[in-house]
Amino acid sequence: MRREIPLILTATVGIVYIISFFIPHRPFGSVETLFSDWILIIAAFAIWLGALNLLRVSADKIYRKKKDWFYALVTILSFFLIAIIGFFFSRGSHFQDVGTSFDYLYRNVYNPLSATMFAILAFFVASASYRAFRARSWEATLLLLAAFFVMLGRVPIGDMISGFLPENIRLSEVATFIMNIPQSAGQRAIMIGIGLGIISTALRLILGIERTYLGGD
Amino acid sequence: MNFFDKLMKIDRRIIFLFVAAAVILPFFLSIHQKILISPEVQGLYDAFESLPPGSKVMISYDYDPASAPELQPMAVAAMKYCFAKGLKVIILGLWPQGSIQANMAIESALEDSMVKEKNPQYGKDWVNLGYMSGNELVIQRMGTDIPVTFPRDYQGNPVEDLPLMQGIKNFSNVDFIFNLSAGYPGTQEWVQFAADRFHAKLGAGNTAVQAPGMYPYLRAGQLVGLLGGMKGASEFEKLTDFEGKGTKFMLSQSFAHSIIIIFIIIGNLAYFISRGVKKK
Amino acid sequence: MRIVRAMSKRNKRINWNLVLLLFIFSLFILSPAFAQEDTLPPSPPTDVMAKDTPNDAGGSITITWKKSADDGAGKNNVTGYLIYRSEEGDRGYKEIGQVAKGSKEFTDGNTKDKINYYYKIKAVNKSGLFSFSEPSPPATSKAQWFSSGRKNTLIAALILGGLILYFISQARAGKELFIRKIAGLDAVDDAVGRATEMGKKILYIPGTQDMDNVQTIAGVTILSRVAKITAEYETPLEVPVSRSLVMVTCREVVKEAYASAGRPDAFKENMVHYLTDDQFGYAAGVDGLILREKPATIFYQGAFYAESLIMAETGNSIGAIQIAGTAMPAQIPFFFASCDYTLIGEELFAASAYLSKEPKLLGSLKGQDIGKAIILLMLTAGILFITTGLWRGFDSLFIVQ
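Residue numbers (my numbering), protein chains in the order written: chain L, 1 to 217; chain P, 1 to 280; chain E, 1 to 401.
Treat the hints as calculated values from the structure; they're not laboratory data.
Errors might be hidden in some of the hints.
Calculated pairs, DSS-like style, for lysine-lysine (alpha carbon to alpha carbon, straight line, at most 25 Å) [to be verified]: (1) E:66 with E:126; (2) E:67 with E:114; (3) E:372 with E:357; (4) E:201 with L:67; (5) P:118 with E:126; (6) E:200 with L:61; (7) P:201 with E:201; (8) P:56 with E:126; (9) E:114 with P:56; (10) P:124 with P:85; (11) E:126 with P:169; (12) P:169 with E:372; (13) E:372 with L:65; (14) E:94 with P:169; (15) E:360 with E:175; (16) E:201 with L:65; (17) E:200 with E:142; (18) E:268 with E:255; (19) P:169 with P:201; (20) E:126 with L:65; (21) E:126 with E:114; (22) E:151 with E:175; (23) E:372 with P:56; (24) E:175 with E:126; (25) E:151 with E:372; (26) E:66 with P:201; (27) P:9 with P:124; (28) P:116 with P:56; (29) E:142 with E:94; (30) E:151 with E:51; (31) E:255 with E:294; (32) P:169 with E:255; (33) P:169 with E:114; (34) E:175 with P:169; (35) E:66 with P:169; (36) L:65 with E:360; (37) L:67 with E:200; (38) E:255 with L:61; (39) E:51 with E:114; (40) E:357 with P:9.
Bear in mind that the values here come from a model prediction, so they are computed numbers and not experimental data.
All chains, please: the whole structure from these sequences, using the hints.
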């Protein structure tokens, strides 16, 4: 029964969900909202599982003085600092208001850290492009040319360089053409394949043909 | 290993240094770039322009600080434009950090002299409904009943006490929706649930990485306009006459793109020369 | 005579003053600020029709009308429309909403089923003057048992589902089904073997989204196969996750995989651990793990957003073998540039069937492929029909409401 009950639940919920897409009448029409509310409630409680696990793993690293245990200490201290300040020193439910201690930490710590991680992408795009955009074959050359036109066409410098050309073949127009036509077509083709893959996987899950997510074969 | 082989396998930190220089150097230069307006940005601006004063605009802040460099300039320009033109703004966020980013955008907007003249007031000229969990379900529920979905604003005030929210029942009472999105939930969900199901008029601002995926919706007419990345932000700032960080930092982006192109050209030259040397 | 001449001169002066006065007065009359049009209300909207909003659960009526003649033209330029509703028809109208100028439709989502409602539309101009339309005929809202706007989706779902089930039954009956090589999946064994030889661990990242995302389920399915191999080879495995529910599921999956490989003792709970829900916090955590632990092999299998390149480039910088798989179109190029093997889109969903070689799973792949062939045929037919004008309405067969 340990495996049968989840399979029956999966099949029932899956079939009811699909039916509710086609039947708007009560009670089917409200099934989507109901199930999604349940997922949110479960996920909200599950956050505690993750948080406790993070604290446990970090505490274990510190206790056993494993390699680089200092980072685990930083993790635990940051966790409690934000939690305590947010709950007790930031005007209660108005913790998001401008001027609270939580707001100060958000703007001066969380904001710059997040932006910094995202900014790393600029450097990594450069190194990945340098390595990947080599004209090794006909397809790689096409990729290289597309990258060239789009990268230059999407910044004002592209029009400065190609300003002497007729308007409809300037870099920005070529970039717009590439984005609107071949890029859109490629995206849609991949999305069609992905859509079919999702349908097939979902059907296998609902019918119990795919059971690996339950553990075991 | 000859010189060109070494060039092909150059230490990535050298590339990082050049990119850093390309981004930082423009801070000390005052080169003015000509910003050409693309049709998708013009479409969004035209949608804003067609709204008479007093129209209700819903702005959904669906991003976090990581995407703020690209999306915050769009948000600030939009808020300044709305306040200066007398449009009423209903703010919400499907991401937890969204409503905080909105407060920051409003702070910046209120510092503008044109906006100060209009003296916008909370509750009358704008409201912040805060964050609501539920992703696309929130959009679906708003299509039926906004006050039930957001019974209180982000400060805990009942929505029925806010003058701006009087008569706002669902999307048909909102004249335009502008979504700022960095991922999920975001523009795709707004298109699927607000534009498609409830026929809401929708425009969007996305990060540069995400914008290409929205072109099919733009071409299908589900989006009236689209701002893509910092370039989109700079174009929008130009159209609204509220120049800000989008325009200021475009030079850095131009330089960075150029440096990447130069490195790609160097890499390919090294590849072909190295191949030629090996063949000999 | 002098007096007459003087009076006549005065009369002439008076006449010119009169002319001047009349001229100034006529300027006022003709000027826009005092134009007669400014005091007139706009033309009313016409043809107001109300009907039950189709394909819904009831409680909604859609009202349509023809715009006022002064909307967008004429000097009584309409600024907007207000919608009024009554249950009686001749009285008791109350305002229920408003729309901007140019609008021709409004949805009243606050009706009770089986009650007759009447609607009037009020056109307003900038002077605040208005005119009402004639009331609409009565309309009643009701719930529909079938969403007729989605019948083409139902047909497509039945065809595709039927194909998948047919080929599954064929595979169960023992029919051999060909499946092309997928380089990324063939490399899984070698990648695990490499980590074993080097004595280093394997890092497995099952995406950054929750269990309600099909890509995460696909990633977890592949994890099960990889975990079984690592159990057999006794290679250390670490699975940092971004969602609590994913942590719980992955833990179960890895535990079962180790048990089925006959190595339940080798399983440690801390193999699967939670980092953070925050996108870039998770990327920072994974980067830290990669740089400190220096795994020999890294798997990225699931749904990713912008953090994909940050993690993949960091993995590339330490020389790890990287096998990625995602169905996020925007992230595929990043993985392509930084990883040794990339499963593109549906290859991620095919992985489970490919690795297990189970007939039922292979059968579903075949059904999927036939479905794609049908879509290709439809696309080709559509291009032909619409470009040549043979059947311009062909695309309307595919509209979903």
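Against the structure, the hints:
| no. | hint | verdict |
| --- | --- | --- |
| 1 | E:66 with E:126 | 20 Å, holds |
| 2 | E:67 with E:114 | 29 Å, violated |
| 3 | E:372 with E:357 | 21 Å, holds |
| 4 | E:201 with L:67 | 15 Å, holds |
| 5 | P:118 with E:126 | 20 Å, holds |
| 6 | E:200 with L:61 | 19 Å, holds |
| 7 | P:201 with E:201 | 52 Å, violated |
| 8 | P:56 with E:126 | 17 Å, holds |
| 9 | E:114 with P:56 | 32 Å, violated |
| 10 | P:124 with P:85 | 14 Å, holds |
| 11 | E:126 with P:169 | 24 Å, holds |
| 12 | P:169 with E:372 | 43 Å, violated |
| 13 | E:372 with L:65 | 55 Å, violated |
| 14 | E:94 with P:169 | 15 Å, holds |
| 15 | E:360 with E:175 | 11 Å, holds |
| 16 | E:201 with L:65 | 20 Å, holds |
| 17 | E:200 with E:142 | 65 Å, violated |
| 18 | E:268 with E:255 | 8 Å, holds |
| 19 | P:169 with P:201 | 16 Å, holds |
| 20 | E:126 with L:65 | 75 Å, violated |
| 21 | E:126 with E:114 | 38 Å, violated |
| 22 | E:151 with E:175 | 33 Å, violated |
| 23 | E:372 with P:56 | 44 Å, violated |
| 24 | E:175 with E:126 | 75 Å, violated |
| 25 | E:151 with E:372 | 20 Å, holds |
| 26 | E:66 with P:201 | 19 Å, holds |
| 27 | P:9 with P:124 | 60 Å, violated |
| 28 | P:116 with P:56 | 20 Å, holds |
| 29 | E:142 with E:94 | 22 Å, holds |
| 30 | E:151 with E:51 | 21 Å, holds |
| 31 | E:255 with E:294 | 24 Å, holds |
| 32 | P:169 with E:255 | 51 Å, violated |
| 33 | P:169 with E:114 | 22 Å, holds |
| 34 | E:175 with P:169 | 58 Å, violated |
| 35 | E:66 with P:169 | 23 Å, holds |
| 36 | L:65 with E:360 | 49 Å, violated |
| 37 | L:67 with E:200 | 15 Å, holds |
| 38 | E:255 with L:61 | 22 Å, holds |
| 39 | E:51 with E:114 | 12 Å, holds |
| 40 | E:357 with P:9 | 40 Å, violated |
Checked against the numbered hints above, the structure violates hints 2, 7, 9, 12, 13, 17, 20, 21, 22, 23, 24, 27, 32, 34, 36 and 40; every other hint is satisfied.
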